[in-house]
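Chemist: Using the sequences provided together with the hints, build the complete structure.
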Amino acid sequence: MKLPARLLLVFCVFIIAAGYWLTDFDAHFAFRGDGRWKTTRAADPVNGKVLFAAGGCISCHASSGSDDRVHLGGGKPLKTPFGIFYPSNISPDLKDGIGRWTETQFIRAIRDGTAPDGKPYYPAFPYTSYRHMSPDDAADLFAYIKTLPPVAGNAPAHDLSFPYSVRRGLVLWKLAFLDGTVIEVEPHKSESWNRGRYLVEGVGHCAECHSPRNFAGAIIDAKRLSGGPNLEGKGTVPNLTPDKTGLATWSEAEIASLLKDGFTPDFDSVGGSMAEVVRNTAELSDTDRMAMAIYLKSLPPIEGQKRSK
Amino acid sequence: MKLQHAVLIFSLPLMATLAVASTANIGERQEIMKSNGATTKPLVAMLKGEAPFDLTTVQKSLANYQDNIGKFVTLFPEDSKTGAKTSASPKIWEDMAGFKSAADKFAADAKLASSTITDESSFKANMPTVLKNCGSCHEAWRVKDAQ
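If you read the protein sequences in the order shown, they are chains A and B.
Take -18 as the starting number for the first sequence in my numbering and just add one per residue.
Take 168 as the starting number for the second sequence in my numbering and just add one per residue.
These are computed hints drawn from the structure, not numbers from a lab.
The reader is advised that the hints may include incorrect statements.
[What the hints assert, rightly or not] If you want a taste of the chain A side facing chain B, the calculated C-beta under 8 Å gives, among others:
(1) Pro(-15)
(2) Ala(-14)
(3) Cys41
(4) Ser44
(5) Asp247
[Stated by the list, open to error] Derived list of chain A stretches under chain B, where covered just means 3 residues or more per stretch with a C-beta under 8 Å from a C-beta of chain B:
(6) 210 to 218
(7) 255 to 266
As the structure is a prediction and not an experimental result, all values here were calculated from the model.
Every residue gets a Cβ at the ideal spot worked out from N, C-alpha and C, and that includes glycine.
Modeler: Structure follows, in structure tokens:
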């Protein structure tokens, strides 16, 4: 009796120690290395502005109560089943914003979900998609944000329920669900398809709202982009795959058109959070919107929840 | 026993009437929005240059928007919050004044546009302001499949 009991104790201690180490803020770094934020050219704020629109940064990080498209003071509450998130100040303010960040720190934040102090961000900040951006593009985005006006003031701390309030858990979450790969060009596909994929799956982070999630809050891969329940409240988010419950009857031009003016082929106008998304995609070029449509129409159809007209 | 039966028998039609009344409001709301969609279709085609500019259609559409939205805001009694696949956000009843002022803004924008739009270039300059109301109202006051 004595030996198994002692073994059990050793085993328990081992599990606790391993668990503690795996959730250490440095564990992710130790596992994944640091080679994923090296740039290959000088940053280009013009491209950064395009990515800023495609990424919808302003939709979450706009100063609370501000309607303009340049003040990034944060603080506008995002209500989810996990609790209330308050997006941070990402304006170039030296004290409260990201004005003192280095380019590498910014790229790590975007592509790795890691703050300059090593803490993991909650994936409400969609680095799960942004990680597909190249380090060069992330640096361009940083260069553009640096041209915007600084805003003073901090957002309130997130108000989350247990166990989501335990930030250490996120290190494990990231190890399980984040591989940090850049989307590689598929040479046998067209240039617009590749561009569309980059925008939809990467910086545009469409799948973050348009996919169902598992118990741990991670996207279910087999159901990616097939719509799901609305995490911000009641209702559903539509299926973007070319299934009959999704975009089967839509032409590429109709999808591109929705991203420009918000009208569906029936001349309904999109509402909810998508209205804000369209304000962002309206700033993209016709070519980019068409590329997104081409990519969406190329997806395998996945059956999603039916949605009333 | 008999009294209970009597109450039930008399109250059933009453309950049915109430249910029909609110469902009718929801149905009418949905028909008006469909009409707005149909009204918008030729306008967007003209804006995109897919159809030739036609002032008569534009003026008729702008009048139609004003009629529709004026009627629309009267169709939100307390008993029409749920049911019949309504996409009306509960926020409408929490802030009826805000909802009505958004509707008034749409009507006012349509009215103003009908006086400023006289040709194709003034149409292209002024029509988008009116159409922006679609998105901003749906953003604030509509939740798809809320139940």
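Chemist: Now look at each hint and say whether the structure bears it out.
Modeler: Hint by hint, here is what the structure shows:
no.	hint	in the structure
1	Pro(-15)	violated (55 Å)
2	Ala(-14)	violated (55 Å)
3	Cys41	violated (15 Å)
4	Ser44	violated (18 Å)
5	Asp247	holds (6 Å)
6	210 to 218	holds (count 5)
7	255 to 266	holds (count 3)
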